[in-house]
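Trainee: Go by the hints and put chain E onto chain L.
Residue-level listing of the chains:
There are 2 protein chains.
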Amino acid sequence: MDFLDEPFPDVGTYEDFHTIDWLREKSRDTDRHRKITCKSKESIWEFIKSLLDAWSGWLVMLLIGLLSGTLAGVIDLAVDWMTDLKEGVCLSALWYSHEQCCWTSNETTFADRDKCPQWQKWAELMTGYTEGAGVYLLNYFLYVLWALFFSFLAVSLVRVFAPYACGSGIPEIKTILSGFIIRGYLGKWTLLIKTVTLVLAVSSGLSLGKEGPLVHVACCCGNLFCSLFSKYSKNEGKRREVLSAAAAAGVSVAFGAPIGGVLFSLEEVSYYFPLKTLWRSFFAALVAAFTLRSINPFGNNRLVLFYVEYHTPWYMTTRLGKYPVLEVIVVTGITAVLAFPNPYTRRSTSELISELFNDCGALESSQLCDYINNPNMTRPVDDIPDRPAGPGVYSALWQLTLALVFKIVITIFTFGMKIPSGLFIPSMAVGAIAGRIVGIAVEQMAYHHHDWIIFKNWCRPGADCVTPGLYAMVGAAACLGGVTRMTVSLVVIMFELTGGLEYIVPLMAAAVTSKWVADAFGKEGIYEAHIQLNGYPYLDQDEFTHRTLATDVMRPRRNEPPLAVLTQDSTTVEDVETLIKDTDYNGFPVVVSRESERLIGFVQRRDLILNIKNARQKQDGVVSNSVVYFTEDAPQIPASNPQPLKLRRILNLSPFTVTDHTPMETVVDIFRKLGLRQCLVTRSGRLLGIITKKDVLRHMAHMMNQDPESIMFN
Amino acid sequence: MDFLDEPFPDVGTYEDFHTIDWLREKSRDTDRHRKITCKSKESIWEFIKSLLDAWSGWLVMLLIGLLSGTLAGVIDLAVDWMTDLKEGVCLSALWYSHEQCCWTSNETTFADRDKCPQWQKWAELMTGYTEGAGVYLLNYFLYVLWALFFSFLAVSLVRVFAPYACGSGIPEIKTILSGFIIRGYLGKWTLLIKTVTLVLAVSSGLSLGKEGPLVHVACCCGNLFCSLFSKYSKNEGKRREVLSAAAAAGVSVAFGAPIGGVLFSLEEVSYYFPLKTLWRSFFAALVAAFTLRSINPFGNNRLVLFYVEYHTPWYMTTRLGKYPVLEVIVVTGITAVLAFPNPYTRRSTSELISELFNDCGALESSQLCDYINNPNMTRPVDDIPDRPAGPGVYSALWQLTLALVFKIVITIFTFGMKIPSGLFIPSMAVGAIAGRIVGIAVEQMAYHHHDWIIFKNWCRPGADCVTPGLYAMVGAAACLGGVTRMTVSLVVIMFELTGGLEYIVPLMAAAVTSKWVADAFGKEGIYEAHIQLNGYPYLDQDEFTHRTLATDVMRPRRNEPPLAVLTQDSTTVEDVETLIKDTDYNGFPVVVSRESERLIGFVQRRDLILNIKNARQKQDGVVSNSVVYFTEDAPQIPASNPQPLKLRRILNLSPFTVTDHTPMETVVDIFRKLGLRQCLVTRSGRLLGIITKKDVLRHMAHMMNQDPESIMFN
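In order, the protein sequence lines correspond to chains L and E.
The first sequence finishes on residue 714 if you use UniProt numbering, and the numbering steps up by one all the way, no holes.
The second sequence finishes on residue 714 if you use UniProt numbering, and the numbering steps up by one all the way, no holes.
Just so you know, the hints here were simulated from the structure itself, not pulled from any lab data.
Keep in mind that the hints are not guaranteed to be accurate.
The list treats identical chains as one, so a pair stands whether inside a single copy or across any two.
As the list claims (entries may be wrong) - Here are the simulated DSS-like cross-link-like pairs (lysine-lysine), alpha carbons at most 30 Å apart as the crow flies:
hint: 1; residue 1: 523; residue 2: 41
hint: 2; residue 1: 276; residue 2: 673
hint: 3; residue 1: 418; residue 2: 523
hint: 4; residue 1: 673; residue 2: 234
hint: 5; residue 1: 234; residue 2: 39
hint: 6; residue 1: 694; residue 2: 673
hint: 7; residue 1: 35; residue 2: 646
hint: 8; residue 1: 523; residue 2: 234
hint: 9; residue 1: 35; residue 2: 694
hint: 10; residue 1: 673; residue 2: 238
hint: 11; residue 1: 35; residue 2: 234
hint: 12; residue 1: 188; residue 2: 418
hint: 13; residue 1: 49; residue 2: 523
hint: 14; residue 1: 39; residue 2: 49
hint: 15; residue 1: 276; residue 2: 234
hint: 16; residue 1: 523; residue 2: 35
hint: 17; residue 1: 523; residue 2: 39
hint: 18; residue 1: 234; residue 2: 618
hint: 19; residue 1: 613; residue 2: 35
hint: 20; residue 1: 673; residue 2: 523
hint: 21; residue 1: 276; residue 2: 418
hint: 22; residue 1: 41; residue 2: 613
hint: 23; residue 1: 673; residue 2: 35
Okay, chain L solo, but in the shape it has when bound (with noise of 0.2 Å):
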């Protein structure tokens, strides 16, 4: 494989916005790891270096764990802190949130345990009284101006320093880890901006969650570690591996769930993902959790269990999108205003979504437990029997029924905003007030119509048989899997979050079933959806099923001029600086003859065009009339001629070929599962045409009825 004995530094590098080879990587690594193989043998230093280099990818997952529990941990404290600071201040020590301000109170009793004196709100600060419609007011007016100044300072951040931190990050991660290069979007800077903006803008208490954004820092500190080691930053294919493993990471302390997180990577973000891929992820996510769990930002494993929020991912094209900072000024404005007055929708949504998933124990004092109690219960407090709804359930009920639509609505316009923001809590969210409200409705049709039929044969009066905190559980995950068409991940993810190991039936069939609705009105998951509107050239996993040949997509069609090739011995490096002008081609066909049109290789845009001018600068007798050999010996040729310039180094002997007969789901299957940039097509021998990624990516697209022209990218 001598064309990969790169002479200068940047042969055999990508550009942005182009698909890399995996073959060629996996081939570029497999000949570094031979040499240092062969050298480990000379000396005890190689012999260590080449140790060290074995364990290089154990020691990045190390790190990555480690950076990725760390920064969760400090986003966990830092929104902690900054939520409730629109509401007040903690006097005795500024930089505590209000459950630490009154934790170091200790005239506090369990249920007074969110009221200390330690605590001011703004208004009594200010004032100093503490209860009044004007005090309320003066709450309300602040709390919205801190949702305001938080929103504008993250949007601002984002669209100065890094436009990249902005949205959930996870269908670029995915389009990313299929082998397109998107050069900064997981650089150091958008790492710094990513982290600091999210903290404002879920303290903001915008509609969106930090599991998305968590991810896409998890994959920022990969990227990070990738460039101390050689062997990743110069692979980008063994760097995608990492980044597979730094997915799994980021879901693992976005959720406290490290199998979740080897899942979620595995089933909905990655592309490739071998066994070693599976182990390193496993591994990392382990980390990753343990370093969490060492910080324990609530003081409360439990809670860092339900810390859970959101993902987005789609980008809806308003007016106001024209106007970000504005956009999300006015969101935040909305969002605030409307949220306060509810309190289901004032509270933090992982808050909301914990009380929905609870059942209502004796101890309860919330209002969703208002229940009216028979007298004469003896029963021991863990089971408790269906009893008749007060009036605090009825008023909790309507107001979830417009908190359900407030969030349905406020999350489809949230989604779009230019600043970090995550999909996966609102949908939770919205899933689990939906699946409460028809849990106390089935509850209250059990209760007082025990003899139908549907209750009848296991709803005995006085029984305990319907649990509305199980109805809210299910439909956060069937709301969820609906979303992002995840099933095992997500069943996975929401046990290792409840806990409940027993509720695994009812959840995986919420998942499939949720799966098989969504399906019903399009194939694609928001990811997925979110690729296509931004036309990467991600090649997704559906089956492709037309009876085309890659006849009819190879390049040149007929009526167009034949392809741009170079012949072996006859070309002159003036012939290839005109092909290379005249044309924009990543690559060229190496044939023996124009009458023969057999192939012999492929030569990369990049790799010609450094080769030539290095040449030009450095090798005397090269120039425009210098013959270009492909050939293993260049002929002896008179001095007075000019010198040829030798290029089988850079001309990849094994071009991937197909015939014209094949049909294109082979054709698609190869590009999927060998990671092909572009692929030569020949009959008997000779070359007719070539095939690159976008090609057959136009071509899926023509023949699902959409416009080919959406795939923007190469």
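Mentor: For chain E alone, kept in the frame of chain L given last:
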């Protein structure tokens, strides 16, 4: 794709012990799918048929889940009854197991739940006495006798009716899923005999488990239902998608772990596992788990969770191995004789594991919990501090040590026998015993030396700082992980088994550590080792890192006669027949002419034989001198000449080619990812040679300094 319009039913099928061509199977399915889609527009009936076809995948999953769940329930019930039959009989109802027998008795208290008058041990029934050395010896003798009878029956049934029913079956299923054909391995006969003999083998008390065999049973169910739908029965590729899902259902019922089953199928068993199969496996596993729970063989969901046993795949070749029946009888005899006196080996292994995992609560009456209580203890029962061990614990330690040695030795010998046998439970038992011993040792150290540095910071006197049960759980996971090299699926199965989500971090750490340690001894898990021992053509996921090229592997080698090829329009029927007689290749490349050697396609040996035979019988004028044409149009021939034979329809016009310079690592990657059977090698459009899957496997064995002849099948 005209070569797919099969003129005779047998064209396009594979022979026994051959490898399938995944790309071709996929093409055929797409073709079938297209035809149905076209037809569905013709009439309502066709439309309904196309809907049925689309949903048949989910229907097959439902059927597999139902049948494998039912079979697992029946096996559980039968094993329970027959295991107790070795000790005694229920007088009130002969078909009741010991536990069921005493359930029906109202006289028993919880402590005496195992003692009831209806249940009589054999000696009691025969002699009337319940105690004494003679009674003990008679019970011992009858226990051994029943065990010998069961195992004799099992090995005889396997030997006479279904030799494929022995072992765990997982290595073979892995090989089948990778594309190998073993006819009858998943047949109805195997299903029946394996189910019956599995019950006998487990009941005989041998050190083996039912989990691996249950995977085999579920796959047989999958294969059975495939035959109901031509979509699956006629396409080996689609059939394997169903079998992957069936394997997941098998693990799901074996452990009561549906998610673990899906992951096991993904990580350990399957070869091609697209997302669609993931969803279907998930559904099949769900239905199977649900069915099993509905049957609820133990009347106790908790017990199903623990009723785990073993897989075995290692066929050791002992002298006894030549006499399988004698071997089984001897091993059963030794097992029964040695197991009866030690309480930790007499009971079923799953009960043993369950006891080892459990913590010593206040109610625990086990010998393992014979600690010296502090008389001043006033703590609640779930927070018992570390205590000094009593004499019961010390004698339990000795018995456990003996049981550990016995289990390790007897399991090694049991694995190779010709009866259905699994590996999971013996491995877990060995790990759990070792873990419990270490746990008790650490606990006593911590109690007596709580000032040592390692205990100082977290182990104050009187605190509960060491839980021996957790050590047992981690030990079981580590041992199982070391044997099978599972990671993610292992942890998920462990926590689905134990319901202990909180121990996820130690379990993950154990899985990763045991994988590292085991990998240091050898890269392959027990299933891969078994596949190698049997010489199956399995291309594993290990990376190929040698610097060889396609030209080094292809045949013909130097000094070998040239490649056997057909020409497109100058070979006669007689030439073809001679070629078929003289060679045993599976197919032949077709070239333009022997001079140009330009490749136009590939034709299967089997299809050639069938077509020529058929033409000679039915087609007038086809004689030995007839020219075989693979071109699109045969030229007009004078009536005096023999009629030509047109065979373009059996010609594969898109054979897979690589150049001779292609590195072998790329070739291996292509074979693995695309599931090829063979690949042609060209240079500048000229055909040079051929590489088959067997050539690749031989080359890999050669490069790893193994005997290339160990690859036995094609």
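Trainee: None of the hints should be skipped; say for each whether it holds.
Mentor: Now for the hints, and whether the structure bears them out:
| no. | hint | result |
| --- | --- | --- |
| 1 | 523 <-> 41 | between (54 Å within a copy, 22 Å between copies) |
| 2 | 276 <-> 673 | both (17 Å within a copy, 16 Å between copies) |
| 3 | 418 <-> 523 | within (27 Å within a copy, 48 Å between copies) |
| 4 | 673 <-> 234 | both (22 Å within a copy, 25 Å between copies) |
| 5 | 234 <-> 39 | within (19 Å within a copy, 52 Å between copies) |
| 6 | 694 <-> 673 | both (16 Å within a copy, 22 Å between copies) |
| 7 | 35 <-> 646 | within (25 Å within a copy, 53 Å between copies) |
| 8 | 523 <-> 234 | between (37 Å within a copy, 27 Å between copies) |
| 9 | 35 <-> 694 | between (35 Å within a copy, 28 Å between copies) |
| 10 | 673 <-> 238 | both (16 Å within a copy, 18 Å between copies) |
| 11 | 35 <-> 234 | within (15 Å within a copy, 48 Å between copies) |
| 12 | 188 <-> 418 | within (19 Å within a copy, 60 Å between copies) |
| 13 | 49 <-> 523 | between (49 Å within a copy, 22 Å between copies) |
| 14 | 39 <-> 49 | within (9 Å within a copy, 64 Å between copies) |
| 15 | 276 <-> 234 | within (20 Å within a copy, 34 Å between copies) |
| 16 | 523 <-> 35 | between (46 Å within a copy, 22 Å between copies) |
| 17 | 523 <-> 39 | between (51 Å within a copy, 23 Å between copies) |
| 18 | 234 <-> 618 | within (26 Å within a copy, 64 Å between copies) |
| 19 | 613 <-> 35 | within (29 Å within a copy, 55 Å between copies) |
| 20 | 673 <-> 523 | both (21 Å within a copy, 25 Å between copies) |
| 21 | 276 <-> 418 | neither (36 Å within a copy, 34 Å between copies) |
| 22 | 41 <-> 613 | neither (38 Å within a copy, 60 Å between copies) |
| 23 | 673 <-> 35 | both (27 Å within a copy, 26 Å between copies) |
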